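2 protein chains.
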Amino acid sequence: MVKIAIDAMGGDFGPEPIVKGCIQALKKKLFMPILVGNKDEILALLPKRYRAKILIVEADDVISMSDAATDAVKRKESTIYKAIELVKNGEAHGVVSAGHSGATMTLATLRLGRLKGVSRPALATLMPTRSGRRSILLDAGANVDSKAVHIAEFAVMGGCYAEDLLKIQNPSIGILANGEEASKGNEITKEAFKILSGYPGFKGNVEGSDIFNGSCDVITCDGFVGNLVLKASEGVASTISLLIKDYIRKSPIAITGALLMRKVFKLLKKQIDYAEIGGAPLIGIKGCVIVSHGKSNSKAIENAIYQAINYVDTGVNEHIVTRLEELKSKEV
Amino acid sequence: MVKIAIDAMGGDFGPEPIVKGCIQALKKKLFMPILVGNKDEILALLPKRYRAKILIVEADDVISMSDAATDAVKRKESTIYKAIELVKNGEAHGVVSAGHSGATMTLATLRLGRLKGVSRPALATLMPTRSGRRSILLDAGANVDSKAVHIAEFAVMGGCYAEDLLKIQNPSIGILANGEEASKGNEITKEAFKILSGYPGFKGNVEGSDIFNGSCDVITCDGFVGNLVLKASEGVASTISLLIKDYIRKSPIAITGALLMRKVFKLLKKQIDYAEIGGAPLIGIKGCVIVSHGKSNSKAIENAIYQAINYVDTGVNEHIVTRLEELKSKEV
Numbered sequence: 001m002v003k004i005a006i007d008a009m010g011g012d013f014g015p016e017p018i019v020k021g022c023i024q025a026l027k028k029k030l031f032m033p034i035l036v037g038n039k040d041e042i043l044a045l046l047p048k049r050y051r052a053k054i055l056i057v058e059a060d061d062v063i064s065m066s067d068a069a070t071d072a073v074k075r076k077e078s079t080i081y082k083a084i085e086l087v088k089n090g091e092a093h094g095v096v097s098a099g100h101s102g103a104t105m106t107l108a109t110l111r112l113g114r115l116k117g118v119s120r121p122a123l124a125t126l127m128p129t130r131s132g133r134r135s136i137l138l139d140a141g142a143n144v145d146s147k148a149v150h151i152a153e154f155a156v157m158g159g160c161y162a163e164d165l166l167k168i169q170n171p172s173i174g175i176l177a178n179g180e181e182a183s184k185g186n187e188i189t190k191e192a193f194k195i196l197s198g199y200p201g202f203k204g205n206v207e208g209s210d211i212f213n214g215s216c217d218v219i220t221c222d223g224f225v226g227n228l229v230l231k232a233s234e235g236v237a238s239t240i241s242l243l244i245k246d247y248i249r250k251s252p253i254a255i256t257g258a259l260l261m262r263k264v265f266k267l268l269k270k271q272i273d274y275a276e277i278g279g280a281p282l283i284g285i286k287g288c289v290i291v292s293h294g295k296s297n298s299k300a301i302e303n304a305i306y307q308a309i310n311y312v313d314t315g316v317n318e319h320i321v322t323r324l325e326e327l328k329s330k331e332v
Numbered sequence: 001m002v003k004i005a006i007d008a009m010g011g012d013f014g015p016e017p018i019v020k021g022c023i024q025a026l027k028k029k030l031f032m033p034i035l036v037g038n039k040d041e042i043l044a045l046l047p048k049r050y051r052a053k054i055l056i057v058e059a060d061d062v063i064s065m066s067d068a069a070t071d072a073v074k075r076k077e078s079t080i081y082k083a084i085e086l087v088k089n090g091e092a093h094g095v096v097s098a099g100h101s102g103a104t105m106t107l108a109t110l111r112l113g114r115l116k117g118v119s120r121p122a123l124a125t126l127m128p129t130r131s132g133r134r135s136i137l138l139d140a141g142a143n144v145d146s147k148a149v150h151i152a153e154f155a156v157m158g159g160c161y162a163e164d165l166l167k168i169q170n171p172s173i174g175i176l177a178n179g180e181e182a183s184k185g186n187e188i189t190k191e192a193f194k195i196l197s198g199y200p201g202f203k204g205n206v207e208g209s210d211i212f213n214g215s216c217d218v219i220t221c222d223g224f225v226g227n228l229v230l231k232a233s234e235g236v237a238s239t240i241s242l243l244i245k246d247y248i249r250k251s252p253i254a255i256t257g258a259l260l261m262r263k264v265f266k267l268l269k270k271q272i273d274y275a276e277i278g279g280a281p282l283i284g285i286k287g288c289v290i291v292s293h294g295k296s297n298s299k300a301i302e303n304a305i306y307q308a309i310n311y312v313d314t315g316v317n318e319h320i321v322t323r324l325e326e327l328k329s330k331e332v
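Chains as they are written, first to last, in this note's numbering: chain A, 1 to 332; chain B, 1 to 332.
Be careful, since some hints might not be right.
To be verified - In silico DMTMM-like cross-links for lysine to aspartate or glutamate, where the CA-CA straight-line distance does not exceed 25 Å:
hint, chain 1, residue 1, chain 2, residue 2
1, B, Lys270, A, Asp61
2, A, Lys3, A, Asp67
3, A, Lys190, B, Asp145
4, A, Lys203, B, Asp67
5, B, Lys190, B, Asp145
6, A, Lys263, B, Asp246
7, B, Lys190, A, Glu191
8, A, Lys74, B, Glu181
9, B, Lys27, B, Glu16
10, A, Lys266, B, Glu234
11, B, Lys190, A, Asp71
12, A, Lys245, B, Asp246
13, A, Lys190, B, Glu326
14, B, Lys263, A, Asp246
15, B, Lys194, B, Asp60
16, A, Lys266, B, Asp145
17, B, Lys147, A, Glu180
18, A, Lys203, A, Asp273
19, B, Lys39, B, Asp12
20, B, Lys184, A, Asp246
21, A, Lys190, B, Glu187
22, A, Lys3, A, Asp61
23, A, Lys250, B, Asp273
24, A, Lys245, B, Asp273
25, A, Lys194, B, Asp246
26, A, Lys295, B, Glu180
27, B, Lys269, A, Glu234
28, B, Lys147, A, Glu187
29, A, Lys184, B, Asp67
30, B, Lys48, B, Asp71
31, B, Lys250, A, Glu276
32, A, Lys245, B, Glu276
33, A, Lys147, B, Glu326
34, B, Lys299, B, Glu318
35, B, Lys20, B, Asp61
36, B, Lys184, A, Asp67
37, A, Lys48, A, Glu16
38, B, Lys147, A, Glu191
39, A, Lys190, B, Asp273
40, A, Lys194, B, Glu187
Note that these hints are calculated values from the structure, not bench results. Computed from a prediction, not measured in an experiment: that's the story for all the values here.
Make the full structure from the sequences, and use the hints.
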């Protein structure tokens, strides 16, 4: 049975949404959750009938959002550290953490190590499109100042993820740039373009708007850029939603209209809501680590757990190693 | 009277929306439009009573979107070239162009020259926020591979624009980065952070989501990054709008709801529609050039003309020169 270690304490709202998300997942999937955190707090949230279905690993140190990621390596009693050690020691197959994302990525990289051929692991996020098919954007923020070869590696890793987890055959791969023409891009992306030329599925540069129109399955970029694009996109969606609410509040007619449109807004939310995805895998490490938002609700944690289970089940890591070898042999 | 040279031919839809936008602006503002393009085509679109209110400068070469920007300098009979020459020769005060944006920016920079102290001109776009107050993002795509000093200069230019054109007193200035802490950013933005430290209004790093929440008036970044953020944001807004339409179409109840919410959607559109802004000034050149989307409708052209008139009226260029001197003297 797949065993998923879950940092029960690290999220912004404490253990409640995490334990709840774990219970929701247990209702639908067969797996063994290992909740890492304060045993008493976890048990208080856990109905009796679930106690036999989970394991608890005691850990009382919680790395808070204001702590430096660099200290994470020293804090061996922290929930994140212990969760990752469970994977390192073969006691768990994957980790879900809504705790300090910098600490999670640092520990995952340093304690589990990188896959053969991977220079830098990348955070991969699934982006909504009109058709419902998701595109993958990576790196969404694990690294800054990426070199061209890193951007090329991200592309390869994202392609494997698309094939194995999203079941997209021959996924299309693009480099995020300020124009589609091969002449567009900055120094780094132009070099990455050369490295990826001829790689299966590589279609050249794609623009910011292509992330959401479904024209490309895998979009590779530096983590500084990916983080900005992701945060700006979330900002737009949330501003539009707030503006609609502001305007509705001012008009009784619009309130009635909104009630009649309830189903539309529900469908829209399902399509663009972060909780429907639940987390971003850190791809390129020896293991499986899903990084969730600190503000994750139970639905997000539930979906992050499914992501971890699928990640482990598909053997995407072996696929990545093979494909990176192909890319490197092409370069020579 | 302020004279604005307008490339009448360069947009994706030919001269029609441009001439129409010009007429709309004439109804509301006193200025002299100089339409640059094919005289017959322009006159055919111009009601007789407006003929005395405009000038036409004949130019038949149109730089198309597929042409290389680098050829623009040689095409001296092109509409963009001639429009910019009018400013260079003192026959016009500003330019509005919905034509090839690369060609427009290249010609503006090379033919008009940079303001004293400006290393690179930047494209400044106004972004919507929930409160209605706009934030300025620059560079939105005039340059790639910006150095730290360029990013600092953009901040100063954006600050002058916010004060003079948006009438924001003591505008707040932020560097777009992957986190608010001073430790966040890439090599370039960290260096820009140091240059800007102590500059009036500078508040440090801001994140992608801050562009739309109104927490910062001026947001500075490299043009590669700015272009991606801008295009991704447009992509999100358009995808949300398309999804809402898709869902509404499937349900008669939702159609009724949407009718009752018509006013809400209209207000939302007014807030986020590109046409309400109409164009982005290229800041840092000796003159005034407003770069509009190729797909601009008449409303966008009308608003771009107002932008040009205001830009000329406020004397923002002198302000920029003074402020850049202050920044440089601080550095020494």
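So, going through the hints one by one against the coordinates:
no.: 1; hint: Lys270(B) to Asp61(A); in the structure: 50 Å, violated
no.: 2; hint: Lys3(A) to Asp67(A); in the structure: 28 Å, violated
no.: 3; hint: Lys190(A) to Asp145(B); in the structure: 12 Å, holds
no.: 4; hint: Lys203(A) to Asp67(B); in the structure: 22 Å, holds
no.: 5; hint: Lys190(B) to Asp145(B); in the structure: 15 Å, holds
no.: 6; hint: Lys263(A) to Asp246(B); in the structure: 12 Å, holds
no.: 7; hint: Lys190(B) to Glu191(A); in the structure: 24 Å, holds
no.: 8; hint: Lys74(A) to Glu181(B); in the structure: 22 Å, holds
no.: 9; hint: Lys27(B) to Glu16(B); in the structure: 17 Å, holds
no.: 10; hint: Lys266(A) to Glu234(B); in the structure: 22 Å, holds
no.: 11; hint: Lys190(B) to Asp71(A); in the structure: 21 Å, holds
no.: 12; hint: Lys245(A) to Asp246(B); in the structure: 20 Å, holds
no.: 13; hint: Lys190(A) to Glu326(B); in the structure: 36 Å, violated
no.: 14; hint: Lys263(B) to Asp246(A); in the structure: 12 Å, holds
no.: 15; hint: Lys194(B) to Asp60(B); in the structure: 49 Å, violated
no.: 16; hint: Lys266(A) to Asp145(B); in the structure: 42 Å, violated
no.: 17; hint: Lys147(B) to Glu180(A); in the structure: 24 Å, holds
no.: 18; hint: Lys203(A) to Asp273(A); in the structure: 29 Å, violated
no.: 19; hint: Lys39(B) to Asp12(B); in the structure: 18 Å, holds
no.: 20; hint: Lys184(B) to Asp246(A); in the structure: 33 Å, violated
no.: 21; hint: Lys190(A) to Glu187(B); in the structure: 19 Å, holds
no.: 22; hint: Lys3(A) to Asp61(A); in the structure: 22 Å, holds
no.: 23; hint: Lys250(A) to Asp273(B); in the structure: 21 Å, holds
no.: 24; hint: Lys245(A) to Asp273(B); in the structure: 18 Å, holds
no.: 25; hint: Lys194(A) to Asp246(B); in the structure: 39 Å, violated
no.: 26; hint: Lys295(A) to Glu180(B); in the structure: 17 Å, holds
no.: 27; hint: Lys269(B) to Glu234(A); in the structure: 18 Å, holds
no.: 28; hint: Lys147(B) to Glu187(A); in the structure: 13 Å, holds
no.: 29; hint: Lys184(A) to Asp67(B); in the structure: 14 Å, holds
no.: 30; hint: Lys48(B) to Asp71(B); in the structure: 37 Å, violated
no.: 31; hint: Lys250(B) to Glu276(A); in the structure: 22 Å, holds
no.: 32; hint: Lys245(A) to Glu276(B); in the structure: 21 Å, holds
no.: 33; hint: Lys147(A) to Glu326(B); in the structure: 35 Å, violated
no.: 34; hint: Lys299(B) to Glu318(B); in the structure: 30 Å, violated
no.: 35; hint: Lys20(B) to Asp61(B); in the structure: 21 Å, holds
no.: 36; hint: Lys184(B) to Asp67(A); in the structure: 14 Å, holds
no.: 37; hint: Lys48(A) to Glu16(A); in the structure: 16 Å, holds
no.: 38; hint: Lys147(B) to Glu191(A); in the structure: 19 Å, holds
no.: 39; hint: Lys190(A) to Asp273(B); in the structure: 32 Å, violated
no.: 40; hint: Lys194(A) to Glu187(B); in the structure: 24 Å, holds
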